[in-house]
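Chemist: Note that the protein sequences, when read in sequence, are chains A and B.
Numbering-wise, the first sequence is residues 4 to 203 according to my numbering.
Numbering-wise, the second sequence is residues 4 to 203 according to my numbering.
Hint data in this document are derived by calculation from the structure and do not stem from the laboratory.
Just so we're clear, the structure is a prediction, and the values are computed from it rather than from any experiment.
Some hints here could point you the wrong way.
Given that identical chains are not distinguished, each listed pair holds provided it fits within a single copy or across any two copies.
Dumping the calculated DSS-like pairs for lysine-lysine here, alpha-carbon to alpha-carbon at most 27 Å [unchecked claim]:
#1 Lys39 <-> Lys194
#2 Lys100 <-> Lys166
#3 Lys127 <-> Lys27
#4 Lys26 <-> Lys100
#5 Lys39 <-> Lys127
#6 Lys39 <-> Lys185
#7 Lys39 <-> Lys170
#8 Lys26 <-> Lys189
#9 Lys166 <-> Lys26
#10 Lys39 <-> Lys100
#11 Lys49 <-> Lys27
#12 Lys194 <-> Lys100
#13 Lys127 <-> Lys100
#14 Lys39 <-> Lys27
#15 Lys194 <-> Lys166
#16 Lys170 <-> Lys27
#17 Lys49 <-> Lys26
#18 Lys170 <-> Lys189
#19 Lys49 <-> Lys166
#20 Lys194 <-> Lys26
#21 Lys170 <-> Lys194
#22 Lys170 <-> Lys49
#23 Lys49 <-> Lys185
#24 Lys189 <-> Lys39
#25 Lys49 <-> Lys194
#26 Lys49 <-> Lys127
#27 Lys189 <-> Lys166
#28 Lys189 <-> Lys49
Number of protein chains: 2
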Amino acid sequence: MQVIPPALEELISQFARLPGIGKKTATRLALNILRKPPALAQDLAKALSGLHESIQLCSCCFSFSESDPCTICGDPRRQANTVCVVEQSGDLLAIEKTDIFRGHYHILHGVLSPMDGIGPDEIKIRELLARIRSGTVNEIIIATSSTVPGEATASYLTDIISKESVKLTRLACGIPMGMDIKYADKYTLAKAIEARSPAK
Amino acid sequence: MQVIPPALEELISQFARLPGIGKKTATRLALNILRKPPALAQDLAKALSGLHESIQLCSCCFSFSESDPCTICGDPRRQANTVCVVEQSGDLLAIEKTDIFRGHYHILHGVLSPMDGIGPDEIKIRELLARIRSGTVNEIIIATSSTVPGEATASYLTDIISKESVKLTRLACGIPMGMDIKYADKYTLAKAIEARSPAK
């Protein structure tokens with residue numbers, strides 16, 4: 004018997020298509036929206052429909068933006084000669100939050116993953132090389148995640164970019180701030196020892 | 004500086020209005036939708052806009068339904084004389100999944116919570132009394148949660164319903180199935196000892 008009304012069932016299955024949202028969370032969200040005034044549902048629906056229309060990729064760094072170039076690439080106060088290479092837009096947002104990096108970005112839109120058929124041509128590596136060869140870049144900072152595919156991508160990028168005349172750096176690995184050393188996993192701890200720096 | 008495009012920011016803040024979704028999860032969801040083909044966003048938007056239009060409250064049990072009476076109240080195979088009283092529609096769905104209850108429901112749409120200004124008139128208690136007094140009900144099963152407000156609501160309902168000529172029962176409390184006794188909290192264990200039943 005159909006206990007859940009079809010319109011509710013439809014919303015539940017649409018929510019369940021989102022990453023990290025299972026059937027149970029989807030049901031909780033949908034029921035909550037149903038209990039609230041219709042305005043919430045309408046506002047969310049509007050934000051969703053308008054999303055892809057107004058957002059495109061910046062032709063320089065490939066971040067999501069409503070303008071081309073994006074606000075970062077178009078900002079004359081930022082250093083265009085330092086380019087931080089990240090996997091996804093979420094990584095850009097995380098780095099921007101630190102308020103410490105004043106250069107430009109390059110979004111790869113993925114990592115190398117041969118098992119899933121994602122090779123160098125499937126992510127924005129060719130575009131990165133073109134950017135380097137245009138001669139406007141002094142330093143490339145590789146800021147892929149320290150996961151297995153992230154490391155593999157970093158090492159591939161290191162291989163090909165080291166042939167170009169550009170400074171190449173990577174984010175430091177080590178103990179997270181505020182972490183008790185005895186709770187750090189041994190790989191992180193090993194990295195931290197290896198990459199130790201003079202005490203100041 | 005506006006790093007996040009306004010259309011994306013709008014979707015993030017709409018997602019963040021949902022329960023259990025903070026700014027970080029909202030950002031992750033919105034970025035993921037942006038990376039996927041526009042069809043996903045459109046389908047979700049459509050499901051949201053259509054939700055409140057097609058769903059109403061059943062005038063008998065107050066569950067969300069596309070028809071009135073709802074599929075449960077309108078099903079002649081179910082026992083209309085046994086009514087299970089739950090807090091919210093989600094509880095109804097959980098009980099329906101057990102496939103063991105064949106009676107009707109009554110959704111309170113909340114629990115008593117004087118601190119939040121929710122008294123007996125704010126939830127569907129008057130409607131429950133009217134249903135009992137109509138003479139069609141033999142048994143009322145109180146199935147509110149075993150939380151503080153759930154217990155308070157149950158005890159209020161017990162007080163007023165025990166004056167009516169109807170059998171009144173509550174869900175059993177005790178050790179969850181599959182749980183090791185040494186991990187049960189002492190209140191649950193105390194309840195389980197108190198409510199012990201003859202071994203079969």
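Chemist: Each hint needs a verdict: does it hold in this structure or not?
Modeler: Tested hints:
1. Lys39 <-> Lys194: neither (50 Å within a copy, 35 Å between copies)
2. Lys100 <-> Lys166: Answer is neither; intra-copy 32 Å and inter-copy 62 Å both fail.
3. Lys127 <-> Lys27: Result: close only across copies, 26 Å inter versus 36 Å intra.
4. Lys26 <-> Lys100: Classified as between; 13 Å across copies, 33 Å inside a copy.
5. Lys39 <-> Lys127: Cα proximity of Lys39 and Lys127: across copies only (17 Å, versus 42 Å in one copy).
6. Lys39 <-> Lys185: The answer is neither: 46 Å in one copy and 41 Å across copies each exceed 27 Å.
7. Lys39 <-> Lys170: For Lys39 and Lys170, the Cα distance exceeds 27 Å both inside one copy (54 Å) and across copies (34 Å).
8. Lys26 <-> Lys189: neither (36 Å within a copy, 32 Å between copies)
9. Lys166 <-> Lys26: Intra 49 Å, inter 41 Å, cutoff 27 Å: neither.
10. Lys39 <-> Lys100: between (33 Å within a copy, 25 Å between copies)
11. Lys49 <-> Lys27: both (25 Å within a copy, 21 Å between copies)
12. Lys194 <-> Lys100: within (25 Å within a copy, 50 Å between copies)
13. Lys127 <-> Lys100: within (24 Å within a copy, 47 Å between copies)
14. Lys39 <-> Lys27: This pair counts as both: shortest intra-copy Cα distance 19 Å, inter-copy 23 Å.
15. Lys194 <-> Lys166: Within. Shortest intra-copy distance 26 Å satisfies the 27 Å Cα cut-off; inter-copy 72 Å does not.
16. Lys170 <-> Lys27: Classified as neither; 49 Å inside a copy, 33 Å across copies.
17. Lys49 <-> Lys26: Both. Shortest intra-copy (24 Å) and inter-copy (19 Å) distances satisfy the 27 Å Cα cut-off.
18. Lys170 <-> Lys189: Neither, since 30 Å and 62 Å both go past 27 Å.
19. Lys49 <-> Lys166: neither (48 Å within a copy, 51 Å between copies)
20. Lys194 <-> Lys26: Result: close neither inside a copy nor across copies, 40 Å intra and 31 Å inter.
21. Lys170 <-> Lys194: within (22 Å within a copy, 68 Å between copies)
22. Lys170 <-> Lys49: neither (45 Å within a copy, 49 Å between copies)
23. Lys49 <-> Lys185: neither (49 Å within a copy, 51 Å between copies)
24. Lys189 <-> Lys39: Neither, since 48 Å and 37 Å both go past 27 Å.
25. Lys49 <-> Lys194: So Lys49 and Lys194 fail the 27 Å test inside a copy (47 Å) and across (49 Å) alike.
26. Lys49 <-> Lys127: neither (31 Å within a copy, 33 Å between copies)
27. Lys189 <-> Lys166: neither (33 Å within a copy, 66 Å between copies)
28. Lys189 <-> Lys49: neither (48 Å within a copy, 49 Å between copies)
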